[in-house]
Amino acid sequence: MLRSRAVADTTTSTYRVHWKQWTEFSAYVNWSEWLSDDAQDNSTKLGLFASFCWRYGWRGEQRGNKFTTIQLKLASIRWYHKRYVGIELQHAPDFDVLMRGIRRLSGPLAKKQAITPAFLRLLHRRLDFSRPRHRLLWGAVSMGYFFLLRRSEYLLVESGKRNYCLAAANTYFADRRDVRDPFEAAAAVTIGLAGAKNDLFGRGAWRTMHVTCDPVLCPMKALYHLLRARLALQRTEAPYLCVDLSAQEVSRTFKWLASIIGVSPRNYATHSVRIGGTTALLSGKADGLAIKLLGRWMSNSYDDYPQLAAEATFGLSRRMI
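Under our numbering, the final residue of the sequence shown carries the number 321; numbering is consecutive throughout.
Warning: the hint list may mix true and false statements.
As the list claims (entries may be wrong) - In silico SDA-like links for lysine to any residue, alpha-carbon gap of 20 Å or less:
id: 1; residue 1: Lys-221; residue 2: Tyr-56
id: 2; residue 1: Lys-20; residue 2: Tyr-56
id: 3; residue 1: Lys-221; residue 2: Thr-236
id: 4; residue 1: Lys-255; residue 2: His-124
id: 5; residue 1: Lys-285; residue 2: Cys-218
id: 6; residue 1: Lys-66; residue 2: Gln-21
Derived from the structure by calculation, the hints contain no laboratory data.
Start from the sequences, fold in the hints, and give me the full structure.
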């Protein structure tokens, strides 16, 4: 049981999918899916699998996987051998050369575009707030934006709700001292997360964001819309704050809006919300440590999230002369 909890559930699901691909590939070429301690033999077999994935991918689309995807698939194979056979797979130096070639020939990693305040305002104008689902979606996206939430922390993902998904009971209006207050007298919103994918010890986290005084973009209004939507949907007893709102529904809405305003829908997905919030904080000259703590990053990997917005470079040219 302890070994099965060594990695997060979402990671386990990903590893399982990739291991299934490896076993199917092994059956196709007529060798065992279990490798040995022969480094050269391992390099040959893993190299063939990596090359196949790079050239063809896996879903029959004849579109090869990118280097990062292939890396994850190989990590899945290594994990299964470590977990079920008790061996650390070794490989020969020529395998490293092969992987370097795949990395150089792979296309650049296509990062999702950030959801900007302007994008959110356009979304607000397009939604019909007399429809509870639209109100629910707006409140959820706004909460995700202000609190830098991962999609699994507030939305229904493919395999269901996570046990650390934001609960309605752990969300409330508060005054400036973080004491519960009704909406009319409140000045902030506080949320409590029971854990996260990277929270190995289940310590959880409480975060507070204050009123912005903006008529559209405000964490207090976000929670207000969510509570109104829950009431209209007759789901006030639902344990999770965003009820049954799915990541697919949010992503589909983003792509719909992107197509309307004439930008590529492929550039927008649920991850755009967390990127957008981080980028806005960076543009607003927020402290790096504050961004890291608000987003609950356990390392400096959050540095990869922000995108340099035009307003963030204001005044930089004058510093160069």
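Each hint, compared with the structure:
| no. | hint | in the structure |
| --- | --- | --- |
| 1 | Lys-221 - Tyr-56 | violated, 47 Å |
| 2 | Lys-20 - Tyr-56 | holds, 17 Å |
| 3 | Lys-221 - Thr-236 | holds, 18 Å |
| 4 | Lys-255 - His-124 | holds, 15 Å |
| 5 | Lys-285 - Cys-218 | holds, 19 Å |
| 6 | Lys-66 - Gln-21 | holds, 16 Å |
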